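**Student:** Protein chains in written order, with the working numbering: chain A, 4 to 162; chain B, 4 to 162; chain C, 4 to 162; chain D, 4 to 162.
FYI, nobody ran anything at the bench for these hints, they're computed from the structure.
Check each hint, because a few of them may be wrong.
One copy or two, it doesn't matter: identical chains are merged, so the pair holds either way.
[Unchecked claim] In silico SDA-like pairs for lysine to any residue, Cα to Cα no more than 20 Å straight-line:
#: 1; residue 1: K69; residue 2: S15
#: 2; residue 1: K69; residue 2: I116
#: 3; residue 1: K69; residue 2: E118
These figures come from a predicted structure and were not determined experimentally.
Letter by letter, the chains look like this.
Protein chains: 4
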Amino acid sequence: MIIGVIGGETSSPGEGEVAYAVGFEAARRGHTLICGGRDGVMREACRGARDACGHTIGILPGDDRKGMNEYVEFPIVTGMGFARNTIIARTADALVAIGGRYGTLSEIAFALICEKPVAGVGSWELVSPTGEAAPVVPCSNATEAIDYCERNARGQGGI
Amino acid sequence: MIIGVIGGETSSPGEGEVAYAVGFEAARRGHTLICGGRDGVMREACRGARDACGHTIGILPGDDRKGMNEYVEFPIVTGMGFARNTIIARTADALVAIGGRYGTLSEIAFALICEKPVAGVGSWELVSPTGEAAPVVPCSNATEAIDYCERNARGQGGI
Amino acid sequence: MIIGVIGGETSSPGEGEVAYAVGFEAARRGHTLICGGRDGVMREACRGARDACGHTIGILPGDDRKGMNEYVEFPIVTGMGFARNTIIARTADALVAIGGRYGTLSEIAFALICEKPVAGVGSWELVSPTGEAAPVVPCSNATEAIDYCERNARGQGGI
Amino acid sequence: MIIGVIGGETSSPGEGEVAYAVGFEAARRGHTLICGGRDGVMREACRGARDACGHTIGILPGDDRKGMNEYVEFPIVTGMGFARNTIIARTADALVAIGGRYGTLSEIAFALICEKPVAGVGSWELVSPTGEAAPVVPCSNATEAIDYCERNARGQGGI
Chain A
4 MIIGVIGGET SSPGEGEVAY AVGFEAARRG HTLICGGRDG VMREACRGAR DACGHTIGIL
64 PGDDRKGMNE YVEFPIVTGM GFARNTIIAR TADALVAIGG RYGTLSEIAF ALICEKPVAG
124 VGSWELVSPT GEAAPVVPCS NATEAIDYCE RNARGQGGI
Chain B
4 MIIGVIGGET SSPGEGEVAY AVGFEAARRG HTLICGGRDG VMREACRGAR DACGHTIGIL
64 PGDDRKGMNE YVEFPIVTGM GFARNTIIAR TADALVAIGG RYGTLSEIAF ALICEKPVAG
124 VGSWELVSPT GEAAPVVPCS NATEAIDYCE RNARGQGGI
Chain C
4 MIIGVIGGET SSPGEGEVAY AVGFEAARRG HTLICGGRDG VMREACRGAR DACGHTIGIL
64 PGDDRKGMNE YVEFPIVTGM GFARNTIIAR TADALVAIGG RYGTLSEIAF ALICEKPVAG
124 VGSWELVSPT GEAAPVVPCS NATEAIDYCE RNARGQGGI
Chain D
4 MIIGVIGGET SSPGEGEVAY AVGFEAARRG HTLICGGRDG VMREACRGAR DACGHTIGIL
64 PGDDRKGMNE YVEFPIVTGM GFARNTIIAR TADALVAIGG RYGTLSEIAF ALICEKPVAG
124 VGSWELVSPT GEAAPVVPCS NATEAIDYCE RNARGQGGI
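Here chain A stands alone, though its shape is the one from the complex:
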């Protein structure tokens, strides 16, 4: 399974710890990590995944590999700026949002369009125009978040 980790390029120490744990736990269970490939939450999640011997994919916004973190194993260079966020949402089978600002919000929105499960650890709270909360399921730690991903991810029509 491919698990997306989304969150800010700058992160608080607490967010960094959660990101590392999420990356580690995902990889320990045999999942591949996908993220935006840059600093902050993305870097810590990649570091965790690599420490657990997992694969990491970074979907980079720029025209080359500049700014990617050193724990990205497979850098994908899109040259599309933040439109690359749509690729993370489409590729992941499930996503974990950690903190985050507007970029993360856009990834959450795309993941929900694609009907992918999204676990949130200290992330956005959303109230839709019709008054329903959007289904970003709050989790308190990495294990809960990956459990939620595993239980709710659906096949993608692959081979």
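Guided by the hints, dock chains B, C and D onto chain A, whose structure is given.
**Tutor:** Below, chains B, C and D alone, put in the same frame as chain A:
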């Protein structure tokens, strides 16, 4: 100025009325309308703008013009699915969100990344991970929304 | 009809004259011009179209309107770099290639994928792996090129 | 190094053999393979790379993993149609074109824009408007092609 109108492909009668009024008012003041070019809020906004003799641009998600509404004057065919939402946010000088679901949420997020003003009429309420409300400014009608756009739009480094 | 003009950001005086004439002739016959919105061939084509009171759309590669030419009436800001070339090919009903380098080559390729007619004035000659020449039809002037576009464009499944 | 293999979704038996050999040789030398992830040349190149225990990345055009070949290890779902070709060109350090039609031509064009070396095995011959042949270097087999890639690839400004 180019004003973006974002909202659902299906809309309630009330949302449709607001969308028509926003399109009409924007065009009456000489602005060009940009939107996703399809049904619901997008169609009503285009209809309003055309009734006020304004220009309308539709940024279409598909591979051809199928599904565009008949009030789109300039259809732009992207073939990129919902990644086309980033183009609406980048092109508009200011945006009005009317109701909407996850697609609209993604457009709001991209507009905020681009530091474009966003007026909301019965749209998403967002609380960021740090507890601040995101700056989607609630407006109660079309005039207020376009006033807000005009007061807060900034130049884009054009010619 | 929407006619795409593709060609280099720098152009020889001869290419500039052809581009102006193509823009003028397209607009004189009531067509809208689409191009990459920048300098060289794109600027001259837009200038010609505006002189004939036609509409011009510029599909810009950058994150804002910087670098657009002053004859673009409707700037579309994609933030996607040269991936924006796909949008020009998809949106146009027919295209005219004038000179050009690799960017133009990519637009020709995309236009041919989309089965859009492409008239070439002093542009690429292509021999496919199976030995056939690719259907970029050489034209000697603007009138011939627009004639070719009009005769060969097909509907796009719009409204 | 990441080596891109570009070519048609349908391939002749000879093209399939070359593609397999290119994938195998690239992986044997420790390179990662990137391609469009689908059938024909792409499938055979992935099969070769997996047989030599290499990694394979498929940049898919659709909205999910449907249509990917079974030798893609890391499927990247773009939802962008053929605009995904730009990502292959940007991500690869060097590319091998095998046969191919217009999609391959667009990838060659993008690779040349990005100043990536392109080896061609029975692929497009291009003559630019100024009469120069475009630098797609003809190679007669997989070893020659990968040799050319290794000698001419440049760093991408990664970490």
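**Student:** So, for every hint listed, does it hold in this structure?
**Tutor:** Each hint tested on the structure:
no., hint, result
1, K69 / S15, "neither (23 Å within a copy, 35 Å between copies)"
2, K69 / I116, "between (30 Å within a copy, 18 Å between copies)"
3, K69 / E118, "between (32 Å within a copy, 17 Å between copies)"
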